[in-house]
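**Q** Sequence:
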Amino acid sequence: MVEQPLVWRDEVRPGDAEIVRRLCESTGFFSAEEVDMAVELVEERIAKGAASGYHFLFAQYGETAHGYACYGPIPGTESSWDLYWIAVEEEKRGHGLGRKVQAEVERRTALLGGKRVYIWTSSRDQYHPTRRFYERLGYTREATLRDYYKPGEHLIIYMKPLP
1 MVEQPLVWRD
11 EVRPGDAEIV
21 RRLCESTGFF
31 SAEEVDMAVE
41 LVEERIAKGA
51 ASGYHFLFAQ
61 YGETAHGYAC
71 YGPIPGTESS
81 WDLYWIAVEE
91 EKRGHGLGRK
101 VQAEVERRTA
111 LLGGKRVYIW
121 TSSRDQYHPT
131 RRFYERLGYT
141 REATLRDYYK
151 PGEHLIIYMK
161 PLP
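The sequence shown begins at 1 in the working numbering and counts up one residue at a time.
Among the clues, some could well be false.
In silico BS3-like cross-links for lysine-lysine, where the CA-CA straight-line distance does not exceed 30 Å [stated by the list, open to error]: (1) Lys48 <-> Lys115; (2) Lys92 <-> Lys160; (3) Lys150 <-> Lys160; (4) Lys100 <-> Lys48; (5) Lys160 <-> Lys100; (6) Lys160 <-> Lys48; (7) Lys160 <-> Lys115; (8) Lys115 <-> Lys100.
Think of the hints as simulated: they come from the structure by calculation, not from any bench.
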C-alpha cells in the first residue's frame with residue numbers, strides 16, 4: 001500500500017473540534033482541562049472566523065489529520081506570534097511530522113508578516129522531549145517564570161526569529 005502524500009489544510013471545519021480532541025488526547029501530554037482549552041480555540045475560530053486571531057493548520061494524509069497546530073499574532077505587538085498548540089498523534093511521533101508542521105507554521109507566519117514565534121511550555125520532566133524538539137528547531141529559551149503552573153512547575157518561554 002502506497003502512503004498518501006501529506007496535505008496541508010488551514011480551513012477550520014465543524015468536525016475539527018473532535019479531531020483536535022483526538023490528537024491532543026493521543027499524545028498523553030495534555031490534561032483533560034488542556035484538551036478542553038485546545039478544543040475551545042477551534043470553536044472560537046468557527047464562531048468568529050479570522051477575527052478570532054487563531055490560525056489552524058492540519059497535517060493530513062488523505063482525509064485523516066495526523067497532526068495540527070494553532071497559532072496567531074500576539075495582540076499589542078508589531079510582528080510577534082504565538083504557537084498556542086501543536087500535537088501529532090502518538091503513532092506518527094518520531095517520524096518527522098512534528099518538524100514538518102512547525103516548519104509550515106513558521107513559513108505561513110512569515111508570509112503574514114510575523115518576525116518572531118514564541119512558544120510556552122512546562123518545565124515538567126515529561127516535557128523534556130518537547131523542549132529538546134523546540135531547541136533542535138532553533139528556538140532559544142528566553143525566559144523561565146518560576147512556579148507559574150504550580151509550585152515546582154515553571155513556565156519556559158522559547159523564541160525563534162523568522163527570516
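**Q** Each of the hints needs a verdict: does it hold here or not?
**A** Results for each hint:
1. Lys48 <-> Lys115: Cα-Cα ~25 Å, so holds.
2. Lys92 <-> Lys160: OK: Lys92 and Lys160 at ~25 Å, within 30 Å.
3. Lys150 <-> Lys160: At roughly 26 Å apart (the allowed maximum being 30 Å), Lys160 and Lys150 satisfy the hint.
4. Lys100 <-> Lys48: holds, 28 Å
5. Lys160 <-> Lys100: holds, 16 Å
6. Lys160 <-> Lys48: holds, 29 Å
7. Lys160 <-> Lys115: Roughly 9 Å between the alpha carbons, so the hint for Lys160 and Lys115 holds.
8. Lys115 <-> Lys100: This hinted pair holds, its Cα atoms lying about 19 Å apart.
Every hint, counting from the list given before, is met by this structure.
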